[in-house]
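Protein chains: 2
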Amino acid sequence: MDGLQLQSLVTNEGEVRLSLVRVPVTEPGPDEVLVRIDATPINPSDIGLLFGAADMRNAKFSGTGADAKVVAPIPEALRRAMAPRAGQSLPVGNEGAGEVIKAGANAQNLLGKTVAILGGAMYAQYRTMKAADCLPLPAGTTAAEGASCFINPLTALGMIETMRREGHTALVHTAAASNLGQMLNKICLKDGIQLVNIVRNAEQTKILRDIGAAHVVDSSKPSFMDDLVAALTDTGATIAFDAIGGGRLAGQILTAMEVAAVRKMKEFSRYGSTTYKQVYIYGMLDTGPTELNRAFGMAWGVGGWLLTPFLMKIGPAEVGKLRQRVANEIKITFASHYTKTISLAEALSADAIAVYNKKSTGEKYLINPNMGV
Amino acid sequence: MDGLQLQSLVTNEGEVRLSLVRVPVTEPGPDEVLVRIDATPINPSDIGLLFGAADMRNAKFSGTGADAKVVAPIPEALRRAMAPRAGQSLPVGNEGAGEVIKAGANAQNLLGKTVAILGGAMYAQYRTMKAADCLPLPAGTTAAEGASCFINPLTALGMIETMRREGHTALVHTAAASNLGQMLNKICLKDGIQLVNIVRNAEQTKILRDIGAAHVVDSSKPSFMDDLVAALTDTGATIAFDAIGGGRLAGQILTAMEVAAVRKMKEFSRYGSTTYKQVYIYGMLDTGPTELNRAFGMAWGVGGWLLTPFLMKIGPAEVGKLRQRVANEIKITFASHYTKTISLAEALSADAIAVYNKKSTGEKYLINPNMGV
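Chains as they are written, first to last, in the working numbering: chain A, 41 to 413; chain B, 41 to 413.
Certain hints may be false.
Since the list can't tell identical chains apart, any single copy or any two copies may satisfy a pair.
Heads up, simulated SDA-like pairs for lysine to any residue below, C-alpha to C-alpha not over 25 Å straight-line [said to hold, decoys possible]: (1) 399 / 333; (2) 153 / 377; (3) 306 / 54; (4) 353 / 209; (5) 246 / 207.
Treat the hints as calculated values from the structure; they're not laboratory data.
Since we're looking at a predicted model, the values are computed, not measured.
In isolation and in its complexed conformation, chain A is listed as follows (with noise of 0.2 Å):
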């Protein structure tokens, strides 16, 4: 037996060349099980890992189903930075969802089961892995339902609990209207927590005042660095997600917090307010330099932060507490949104990839690697 994987090589000749590979399907051994990948997303960090550094605009496609091809040449600047993948045929796909169609002696009980898997190479029509890493969703959820379990909705719980063990009390989030920032909110929302969303234009204001949101900054305004103040102050918030990553957003975030905190100060201090500020840069939409104008007193930080470590960190008992309110509210809290289900043939069409690659909010494609290439 044997099932069509997505794969992405950078090669020696500095390109990107993503094809649909045939490849052999592992039987599951006892404590495994075989799954029928249905619904996979496509997040942020799969296109990383698709596309690689390639200039996506000079791409070219060929054939057509099982043997659609797409080759894209990798600038020459960035070819240095690919180096280390050149010759690796890597699989794609971080996270999906489907039925449990075989399973080894102690893994019975998932068979037939709707469960959401991690691991990577999901972008492919079958997926073998340990039982204990599948999540069983609860009884009438769909596997397009579930596909997204873990990436946006850890990454969401993440920042929360990174929040609470880092010692604030309120969080700001940028690219605030995304998927995950919806989800965000709805969290937030559920446990009372202060939340500080920032968007970069009026739409994106309004799908999140739709959903609840009470904070919301819109950066394209004149005022936004006074609106941020003012949510800062009203909220305490001390710590930030960003996604953006380039330019001065996040030093703006942190001037912002240190207004507010300095407004709270009975006495000069040249060094600036006690209060401590993180900001967490978690995407990288703008790929740009971060600019730090340093007008923020000198108890700040500012970090990478990523959701593998973070799990390693807190330890497999506090990740399965995680997982299990997933499960739990996976159509309402953790509900996601795509705007279409394609093939996997699909997701290598030009049509396709213009459309997802430009990571816009409210513009979520999800795979379905059985329907069909």
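Fit chain B to the given chain A structure using the hints.
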């Protein structure tokens, strides 16, 4: 009894005014002592409080002796930041040393002793202090030798302690030929800690080589990044203390640390290495924005580092140990060098300010408030 005290006032008209003010001397209480200040250094942190954001190139000087005065304009754009200081004439001078000339009933043991003190208002002829806050210097130590017992020594020791507490084994220091940098080298050599020194020219390299520094990297050389990667590979340093602040240096250090870490990796990860890399900015020799290109994976942090919060974090018992080490080694490891000793009035002269306000490596002034104004 009264004495002269140097004060810095920010006016509502947007000027910084420096003058010598005759203030009454507070009689020491039962647990206090009165210290005649014989030596107090001009540290970069003092210069910040002295001049604030004033444009010293357009300063006006008047009066002589106890009537010496300086008035300097604050550029329009920087006035808002200085507004919280407006109307307060602040005493200056973080640390110093001198003889205990009066002592309360419970502090008689300190009478006649030379002590080092920290706590502001040291640019003055007299200072009343809690006896517990005085660091008695070993017999045969002059006030000049003990004047810089706190800021530089505790900052250098604090960097090493921070390195240890945060799980790093070697460190990087920028502006490394400074008084503080030389002290850090002496501590590291004595304690067997690997230190990568980043300097800006060949003279600074020589200063550090002459005191035995093993790793000196010159950022003005074309081979800077390669040299830095080599030194980081040798030492395994993953934490840096940066006195510069602005520009690309902090990001270059993180990038070089990441290159050194990736070389040791067996598998490619597009999130970069899992080696956590930290840069603490503790100075602002360059007040421009910090620019981070984020070419260093996701396991990184940049933040502010300040001595006082660090000392509060480790607590009085640990601080006591560090202080005692400084007193014990004040003539060796923690010896400071000054180019000139000046009076309070001279500290307000155009000539002296032109020199000490440059904060140049190797140019450091000491004030003796009792040498006659």
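These are the hints, each one checked on the structure:
Proximity of residue 399 to residue 333 under the C-alpha cut-off of 25 Å is restricted to the inter-copy arrangement: shortest distance 21 Å between copies versus 28 Å within a copy. For a Cα distance limit of 25 Å, the shortest separation of residue 153 from residue 377 inside one copy, 23 Å, qualifies, whereas the shortest one across copies, 75 Å, does not. With identical chains, the CA atoms of residue 306 and residue 54 are at most 25 Å apart between copies only, with a shortest distance of 21 Å across copies and 59 Å within one. Taking the shortest Cα distances, residue 353 and residue 209 sit within 25 Å of each other both inside one copy (20 Å) and across copies (21 Å).
Neither within a single protomer nor between protomers do residue 246 and residue 207 lie at most 25 Å apart by alpha-carbon distance, with minima of 31 Å and 45 Å respectively.
The earlier numbered hint that this structure contradicts is number 5, and it is the only one.
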